[in-house]
Amino acid sequence: MKRSRFSSRKRISADATELSRLAIGLAESGSKMEDQFWQGRLVELVNRLFNDGTEDDFTSALDRLFDAHPMAHDDLADIIEANAESCVVRHAGQDFDILLLAAPVLAWSRFSIPTSAIPRSTLQTLKVHLGAHVLAADARLALADYLYSPDQLPHTFVDTWQLMRQLGKAALEGGDLNVDAAAMPETNRFL
Numbered sequence: 013m014k015r016s017r018f019s020s021r022k023r024i025s026a027d028a029t030e031l032s033r034l035a036i037g038l039a040e041s042g043s044k045m046e047d048q049f050w051q052g053r054l055v056e057l058v059n060r061l062f063n064d065g066t067e068d069d070f071t072s073a074l075d076r077l078f079d080a081h082p083m084a085h086d087d088l089a090d091i092i093e094a095n096a097e098s099c100v101v102r103h104a105g106q107d108f109d110i111l112l113l114a115a116p117v118l119a120w121s122r123f124s125i126p127t128s129a130i131p132r133s134t135l136q137t138l139k140v141h142l143g144a145h146v147l148a149a150d151a152r153l154a155l156a157d158y159l160y161s162p163d164q165l166p167h168t169f170v171d172t173w174q175l176m177r178q179l180g181k182a183a184l185e186g187g188d189l190n191v192d193a194a195a196m197p198e199t200n201r202f203l
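Here the sequence shown stands for residues 13 to 203, numbered as in the numbering used here.
None of these hints come from the bench; they were simulated from the model. Given the structure is predicted, the values throughout are model-derived calculations rather than measurements. Errors might be hidden in some of the hints.
[What the hints assert, rightly or not] Below, a list of computed lysine to any residue pairs in the SDA-like style, where the Cα atoms sit at most 20 Å apart: (1) Lys181 with Leu155; (2) Lys181 with Gly105; (3) Lys181 with Pro82; (4) Lys139 with Leu112; (5) Lys139 with Asp90; (6) Lys44 with Arg33; (7) Lys181 with Leu113; (8) Lys181 with Phe49; (9) Lys181 with Asp192; (10) Lys44 with Ala26; (11) Lys181 with Gly65; (12) Lys181 with Asp86; (13) Lys181 with Ala104; (14) Lys181 with Thr127; (15) Lys181 with Leu138; (16) Lys181 with Arg152; (17) Lys139 with Val170; (18) Lys139 with Ser124; (19) Lys44 with Leu112; (20) Lys181 with Ala151; (21) Lys139 with Ala156; (22) Lys44 with Met83; (23) Lys181 with Ile110; (24) Lys44 with Asp86; (25) Lys181 with Arg132; (26) Lys181 with Gln136; (27) Lys181 with Asp157; (28) Lys181 with Met45; (29) Lys181 with Met83; (30) Lys181 with Trp120; (31) Lys181 with Ala114; (32) Lys181 with Glu97; (33) Lys139 with Ile110; (34) Lys139 with Pro116; (35) Lys139 with Phe108; (36) Lys139 with Asp157; (37) Lys139 with Leu184.
Use the sequences and the hints to build the structure in full.
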């Protein structure tokens with residue numbers, strides 16, 4: 013009778029293995045020039061995986077490095093998070109830095125707080141105040157027309173990257189992001 017072969021260790025994809033290898037190279041580098049070399053390679057691979065929507069490779073590499081090489085784990089996590097929240101986009105022949113900005117709003121009520129679209133006039137007022145008091149003079153801003161509950165925020169690196177790209181595109185086009193409130197998951201009640 014033929015026996016099943018059981019692997020002694022869980023196999024991960026080639027991309028996850030490469031993420032781990034590059035992160036270890038960065039963690040063990042000995043100079044700024046070498047740091048830049050490893051970071052460049054790592055950022056290139058991370059961006060390709062974001063474009064492919066490959067969340068599992070990020071998770072596998074981070075899980076593998078967590079115990080095996082904590083410093084490489086931290087370096088990889090920093091690069092993945094930074095690239096999920098910011099990027100450079102070429103638009104109309106010019107490079108633009110895109111940054112995902114979250115502004116927490118704390119609201120408490122004994123009653124359910126309704127989730128609906130934020131009126132356009134309110135978005136415009138927010139944009140004027142943020143532009144006048146927070147952002148650089150020539151910054152472009154796009155807002156989501158929806159107040160996210162903590163449990164509705166993106167749960168993965170790829171979801172965060174996609175939201176950042178959608179908001180960045182809206183900012184470059186001079187608009188805002190229209191969120192379909194009906195498609196959002198129901199919020200939990202928080203105490």
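Hint-by-hint comparison with the structure:
With a CA separation close to 11 Å, the supplied pair Lys181 and Leu155 stays within the 20 Å bound. The straight-line distance between the Cα atoms of Lys181 and Gly105 is roughly 15 Å, inside the 20 Å bound, and the hint therefore holds. Proximity of Lys181 to Pro82 is assessed by CA-CA distance (about 36 Å); at most 20 Å being required, the pair is judged violated. Note on Lys139 and Leu112: the hinted pairing holds, with a Cα-Cα distance of about 15 Å set against a maximum of 20 Å.
Using a Cα cut-off of 20 Å, the hinted pair Lys139 and Asp90 is violated, with the two alpha carbons roughly 29 Å apart. Of the supplied pair hints, the one linking Lys44 and Arg33 holds, its CA atoms being roughly 18 Å apart against a limit of 20 Å. Our distance criterion of 20 Å between C-alpha atoms is met by Lys181 and Leu113, whose separation comes to about 14 Å. Between Lys181 and Phe49 the alpha-carbon distance is near 30 Å, which puts this suggested pair outside the 20 Å criterion.
Distance hint between Lys181 and Asp192 is fulfilled; the C-alpha atoms sit about 17 Å from each other, no more than 20 Å. Taken as a hint, the Lys44 and Ala26 pair is broken in the structure, with Cα atoms around 27 Å apart against an allowance of 20 Å. A C-alpha spacing of about 18 Å is found between Lys181 and Gly65, which places the hinted pair at or below 20 Å, so the restraint holds. A threshold of 20 Å between alpha carbons decides the hint, and for Lys181 with Asp86 the separation of about 30 Å lies outside it, so the pair is violated.
A C-alpha spacing of about 12 Å is found between Lys181 and Ala104, which places the hinted pair at or below 20 Å, so the restraint holds. Under the criterion of a C-alpha separation no larger than 20 Å, the hint pairing Lys181 with Thr127 is inconsistent with the structure, at around 24 Å. This hinted pair checks out: Lys181 and Leu138 have alpha carbons roughly 19 Å apart, not beyond 20 Å. Annotation: proposed proximity of Lys181 to Arg152 holds, straight-line Cα distance about 10 Å (limit 20 Å).
With a CA separation close to 26 Å, the supplied pair Lys139 and Val170 exceeds the 20 Å bound. With a C-alpha separation of about 27 Å, the suggested pair Lys139 and Ser124 falls outside the 20 Å cut-off, and the hint is violated. Among the hinted pairs, Lys44 with Leu112 is inconsistent with the structure: their alpha-carbon atoms are about 27 Å apart, more than 20 Å. Of the pairs offered as hints, the one joining Lys181 and Ala151 holds, with about 14 Å between alpha carbons and a cut-off of 20 Å not exceeded.
Proximity of Lys139 to Ala156 is assessed by CA-CA distance (about 11 Å); at most 20 Å being required, the pair is judged to hold. Between Lys44 and Met83 the CA atoms are separated by roughly 16 Å; this keeps the pair inside 20 Å, and the hint holds. Only pairs whose Cα atoms come within 20 Å are accepted, and Lys181 paired with Ile110 is accepted, the gap being roughly 9 Å. For the proposed pair Lys44 and Asp86, the alpha carbon gap of about 18 Å is at most 20 Å, so the pair holds.
Restraint check for Lys181 and Arg132: the C-alpha separation of about 18 Å stays at or below 20 Å, so the hint holds. Using a Cα cut-off of 20 Å, the hinted pair Lys181 and Gln136 holds, with the two alpha carbons roughly 18 Å apart. Proposed proximity of Lys181 and Asp157 is supported: the alpha carbons are some 15 Å apart, at most 20 Å. For a cut-off of 20 Å, the pair hint linking Lys181 to Met45 is broken: about 33 Å separates their Cα positions.
For the given pair, Lys181 sits about 34 Å from Met83 by alpha-carbon distance, which is inconsistent with the 20 Å threshold. Restraint check for Lys181 and Trp120: not satisfied, since their Cα atoms lie roughly 33 Å apart, outside the 20 Å limit. For a cut-off of 20 Å, the pair hint linking Lys181 to Ala114 stands: about 17 Å separates their Cα positions. Distance check on the hinted pair: Lys181 and Glu97 sit about 14 Å apart at the alpha-carbon level, within 20 Å; holds.
For the hint pairing Lys139 with Ile110, the CA-to-CA distance comes to about 16 Å; that is within 20 Å, so the pair holds. Taking the CA atoms of Lys139 and Pro116, the gap is about 15 Å. The hint holds against a cut of 20 Å. Straight-line distance between C-alpha atoms of Lys139 and Phe108 comes to about 19 Å, which keeps the hinted pair within the 20 Å bound. Proximity of Lys139 to Asp157 is assessed by CA-CA distance (about 12 Å); at most 20 Å being required, the pair is judged to hold.
Of the pairs offered as hints, the one joining Lys139 and Leu184 holds, with about 14 Å between alpha carbons and a cut-off of 20 Å not exceeded.
The structure shown violates the earlier hints numbered 3, 5, 8, 10, 12, 14, 17, 18, 19, 28, 29 and 30.
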